[in-house]
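Number of protein chains: 2
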Amino acid sequence: MKPNQLNEASGVFLTDQYQLTMAQLYFRMGLHETMAQFDHFFRSYPDYGIHNAGFCVNAGLDSLLDWLDTVKFGQEEVDYLRSQKSATGGQLFGDDFLSWLRDDFSSKAINLYAIPEGRVIHPNVPIHVIEGPLAVGQIIETGLLNTVNYQILIATKAARMKQSGRDQLLMEFGLRRAQGLGAVQGTRAALIGGADFSSNVGASRIYGFPPKGTHAHSMVQVFMGLGEGELAAFQAYADIYPDDCLLLVDTIDTLESGVPNAIKVFEKLKNEGHQPVGIRLDSGDLAHLSIKAAKMLNDAGFPDVSIVLSNDLDELVIWQIITQIQEEAGRYGVEPDHLIKRLAYGVGTSLITSRGDAALDGVYKLVAICPDDAWIPTLKISENIDKTLNPGNKRVWRVYDNRGNATADLISLHDEDIEHQIPLELRHPTLASKRRLLCSDDIDHVETLLVPVIKAGKILTDRPGIPDIRKVRDQDIECLDPGVRRLMNPHIYHVSLTRKLWDLKQSMVRKTLADKEN
Amino acid sequence: MKPNQLNEASGVFLTDQYQLTMAQLYFRMGLHETMAQFDHFFRSYPDYGIHNAGFCVNAGLDSLLDWLDTVKFGQEEVDYLRSQKSATGGQLFGDDFLSWLRDDFSSKAINLYAIPEGRVIHPNVPIHVIEGPLAVGQIIETGLLNTVNYQILIATKAARMKQSGRDQLLMEFGLRRAQGLGAVQGTRAALIGGADFSSNVGASRIYGFPPKGTHAHSMVQVFMGLGEGELAAFQAYADIYPDDCLLLVDTIDTLESGVPNAIKVFEKLKNEGHQPVGIRLDSGDLAHLSIKAAKMLNDAGFPDVSIVLSNDLDELVIWQIITQIQEEAGRYGVEPDHLIKRLAYGVGTSLITSRGDAALDGVYKLVAICPDDAWIPTLKISENIDKTLNPGNKRVWRVYDNRGNATADLISLHDEDIEHQIPLELRHPTLASKRRLLCSDDIDHVETLLVPVIKAGKILTDRPGIPDIRKVRDQDIECLDPGVRRLMNPHIYHVSLTRKLWDLKQSMVRKTLADKEN
Chain U
81 MKPNQLNEAS GVFLTDQYQL TMAQLYFRMG LHETMAQFDH FFRSYPDYGI
131 HNAGFCVNAG LDSLLDWLDT VKFGQEEVDY LRSQKSATGG QLFGDDFLSW
181 LRDDFSSKAI NLYAIPEGRV IHPNVPIHVI EGPLAVGQII ETGLLNTVNY
231 QILIATKAAR MKQSGRDQLL MEFGLRRAQG LGAVQGTRAA LIGGADFSSN
281 VGASRIYGFP PKGTHAHSMV QVFMGLGEGE LAAFQAYADI YPDDCLLLVD
331 TIDTLESGVP NAIKVFEKLK NEGHQPVGIR LDSGDLAHLS IKAAKMLNDA
381 GFPDVSIVLS NDLDELVIWQ IITQIQEEAG RYGVEPDHLI KRLAYGVGTS
431 LITSRGDAAL DGVYKLVAIC PDDAWIPTLK ISENIDKTLN PGNKRVWRVY
481 DNRGNATADL ISLHDEDIEH QIPLELRHPT LASKRRLLCS DDIDHVETLL
531 VPVIKAGKIL TDRPGIPDIR KVRDQDIECL DPGVRRLMNP HIYHVSLTRK
581 LWDLKQSMVR KTLADKEN
Chain B
81 MKPNQLNEAS GVFLTDQYQL TMAQLYFRMG LHETMAQFDH FFRSYPDYGI
131 HNAGFCVNAG LDSLLDWLDT VKFGQEEVDY LRSQKSATGG QLFGDDFLSW
181 LRDDFSSKAI NLYAIPEGRV IHPNVPIHVI EGPLAVGQII ETGLLNTVNY
231 QILIATKAAR MKQSGRDQLL MEFGLRRAQG LGAVQGTRAA LIGGADFSSN
281 VGASRIYGFP PKGTHAHSMV QVFMGLGEGE LAAFQAYADI YPDDCLLLVD
331 TIDTLESGVP NAIKVFEKLK NEGHQPVGIR LDSGDLAHLS IKAAKMLNDA
381 GFPDVSIVLS NDLDELVIWQ IITQIQEEAG RYGVEPDHLI KRLAYGVGTS
431 LITSRGDAAL DGVYKLVAIC PDDAWIPTLK ISENIDKTLN PGNKRVWRVY
481 DNRGNATADL ISLHDEDIEH QIPLELRHPT LASKRRLLCS DDIDHVETLL
531 VPVIKAGKIL TDRPGIPDIR KVRDQDIECL DPGVRRLMNP HIYHVSLTRK
581 LWDLKQSMVR KTLADKEN
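Residue numbers (the numbering used here), protein chains in the order written: chain U, 81 to 598; chain B, 81 to 598.
Simulated from the structure, these hints should not be mistaken for lab results.
Check before you lean on any hint, since a few could be wrong.
Same chains, same names: a pair is fine if it fits in one copy or spans any two.
27 Å max Cα-Cα, derived BS3-like pairs, lysine-lysine [as the list claims (entries may be wrong)]:
#1 348 x 375
#2 596 x 348
#3 152 x 82
#4 596 x 467
#5 538 x 188
#6 344 x 591
#7 372 x 467
#8 372 x 596
#9 344 x 596
#10 82 x 535
With the rest of the complex left out, here is chain U (with noise of 0.2 Å):
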């Protein structure tokens, strides 16, 4: 794939060929310009398999505003979907479709409500509502897909290593074992939604992020090779980046060569004054090897440069070292805390693939339509009644309980005006049972989620930056219950409806029944 392909492939063409066939149909039958509403939202959280998340943090809004800017039918496009063919070899696009793609057909025809990136999320909560044209609405869902879902997913993942680390410093080393160019938007994700910085060059450069790496095995061989040890190949490194010291220890044995030579090109180091930067283990028992490199590193004058690890890294295995380092750092010498508190972690593979669960079920579902000039909401039934839609143009609602915690998240129609209807009635997705009332008394306050992003063509809000978008996160965060943050079998936080679209809802499935009886 050249370049210029990369392109091609990346605009307006990441779609789904039946978007395309779709949208012929409603130009055929005049429905095209009919306006019509989508919602995007997830089903479940990200299920890594022995663990799973309680909350995402959401991600992607403006790669794909970026995105949409490129969604665009020009000659070349359109002179392509001529040249497909149909069963007998006709042309399957008419011209006319293909002229009006060409002439007509803009991505700046859709409003556009969005959840902020860095919020935290929950499934079946709209994340991003699509007002447009029917054609327009049905040819970017992919590609909002395709931006958005693994954004999200990579963000929760960020998020969750972050926390097992205990918010030390977190790399993102991925790029080799990633999924393609899906590395450049998932190293943005990453620095979104837990890590602070990424070896990764192109994508640092982008989101205006330092690089960070320093020295591979591959080097420790070099000096190996032309006959030279270790040693040489430390004491290099630190003549060239006196500043920047932080040796790769494990290539031959982490504690009996590696740590020792390190200890020797420090202290050259601190005697010509500079400060050394640390040491990186990327194998074998991390936290054993910690502790007793942090040891040896004490005993040497050096109780501060940082001890990086790497290899597999993921939540779990984060929060194993933590917890085996608490246990077994005393009885040796070391200060549990201390070390924990020297720690960095590279994480690769776990972090850019989102390890055990690769993909967030993320959907765009047509909600309602407009054919004149009111709103009819639409529904898809299923055979799963989790998956049955939530019908309708509405509105998110997040609800704060009065010791400030997010409580729930609540999904009412367009027309309703929550804070004004308390006491609250949540109701249960699907279970008729299931219902909660909060009064006055139970919340803080309410606040609706959705954000105006697109307007009749224009960008209506700032697009922060990723520091920005990190203290979003990390605010939203510090409101979840603990229990809705913990990394394993975390507690269930509520999305509710309100007792009216739950009657529309209810409504709509009798009548789709009873229709299909008929």
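Given the coordinates of chain U, work out where chain B should sit on it, guided by the hints.
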């Protein structure tokens, strides 16, 4: 991310920072143009949890060649690197090194040997061998791994699905759940490994396949929202696409509504002289529903229209569906084999993300260096003996037994000619006690797997298209023992070392450990 940023992040900066800091060190030491050899290989087959692969399908080389063409440092790249700062605020990369990058660095300075795309490959066997200036070989590591690891992973997954679906039509539908733009490369790999077509318009266009797709639930919902029903939606679709009419029948109720409505439309099409294509089932018990739908279609005089299955399929789900059809179809008066042969599969998330194992553990390791005129093998030992490198310049051979089946891959030193070393001694890579002797009666023939691809800046080989790569795949899979092809608990294929390579590796391990003691 805007299109120009995507290009910036997918060229030479598709790399990790430490490749650049190491390259500068080599430059300062005068080692940057020292010839070095790096092997790319993976350590273990994808393990999907309750099942695992017994072989992989190679993919990615052509994309790698495209990427290598973009790997250069222009003034803009050099300016960015010049802006990077050390911890104390000085320039991290010196002007002399940056001038070398801009003026003298060339990815054309490497020689590349590779196993062709489509071939069956196994762990620890070098797939790509890079021979070139140390700094160049180092800087291209990350991009090479990013480009080929994911494609091998997805080609392998696609081959498994194609196999479990008994070679029926397989369509890739995963763009919406893919890990961002990796989808483009993933689609290529899916098309190599086993998918016949893809819904991804951009990727299909690049790789020369017609994209596939008809309509979604949303189209039926639109008609329902407008007060019309599923039948009207189907009829509208058939009117516009009379020769490409494949209808999604599960928006309301598959057997009560979808299939009867599809049959009505098909009858009209047939009367008008068109051949209906089929139906798609996307929810519920796909095996049971496909039997019942087949019966209805048969009874209505449509025994040949396709039944496309989708909804979170993977190789085991497909296998299970076929098994259930074999057991259950007869009871409903449906001939199981006839039904199985009219099925097609649309596979999404599980294929494009390789669900269960979302990353191939492919690595790129320094194995030899040539400081003067002679190559010196290099080693990295590991706490885990399986991860100790096979050192030196090597060749790779595939040994076929007298049934014509591939029986082992054999790694030798570069100066060994296996064809003249029969009887062959095959040594286990790590266990001294495990060896196998093959005499000439056991061996049909031996072939080399690595092909010279780039030499002196020139691409030596053809760049086969995907149809030709598929032929290679089919031939190679055909030569595997059925036990190796098994989807669950496959038989272990032997990857062995020659005695000479085994001896070299052992002597180097002994020497490294001895040096450490001193």
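Here is how each hint holds up against the structure:
In the homo-oligomer, the alpha carbons of residue 348 and residue 375 lie at most 27 Å apart inside one protomer (19 Å), although the nearest pairing across protomers, at 82 Å, exceeds that limit. Taking the closest pair of Cα atoms, residue 596 and residue 348 come within 27 Å of each other only across two copies (22 Å); inside a single copy the shortest separation is 83 Å, beyond that limit. In the homo-oligomer, the alpha carbons of residue 152 and residue 82 lie at most 27 Å apart both inside one protomer (21 Å) and across protomers (14 Å), since each shortest distance falls under that limit. In this assembly of identical chains, the alpha carbons of residue 596 and residue 467 lie at most 27 Å apart only when taken from the same copy (19 Å versus 62 Å across copies).
Within a single copy, residue 538 and residue 188 get their C-alpha atoms as close as 8 Å, which meets the 27 Å cut-off; across copies the closest is 46 Å, which misses it. For the homomeric pair residue 344 and residue 591, the shortest alpha-carbon distance between copies (23 Å) is at most 27 Å, but the shortest distance inside one copy (79 Å) is not. For the homomeric pair residue 372 and residue 467, the shortest alpha-carbon distance between copies (23 Å) is at most 27 Å, but the shortest distance inside one copy (52 Å) is not. For a Cα distance limit of 27 Å, the shortest separation of residue 372 from residue 596 across copies, 18 Å, qualifies, whereas the shortest one inside one copy, 71 Å, does not.
In this assembly of identical chains, the alpha carbons of residue 344 and residue 596 lie at most 27 Å apart only when taken from different copies (16 Å versus 80 Å within one copy). Taking the closest pair of Cα atoms, residue 82 and residue 535 come within 27 Å of each other only across two copies (21 Å); inside a single copy the shortest separation is 35 Å, beyond that limit.
Every hint from the earlier list agrees with this structure, and none is contradicted.
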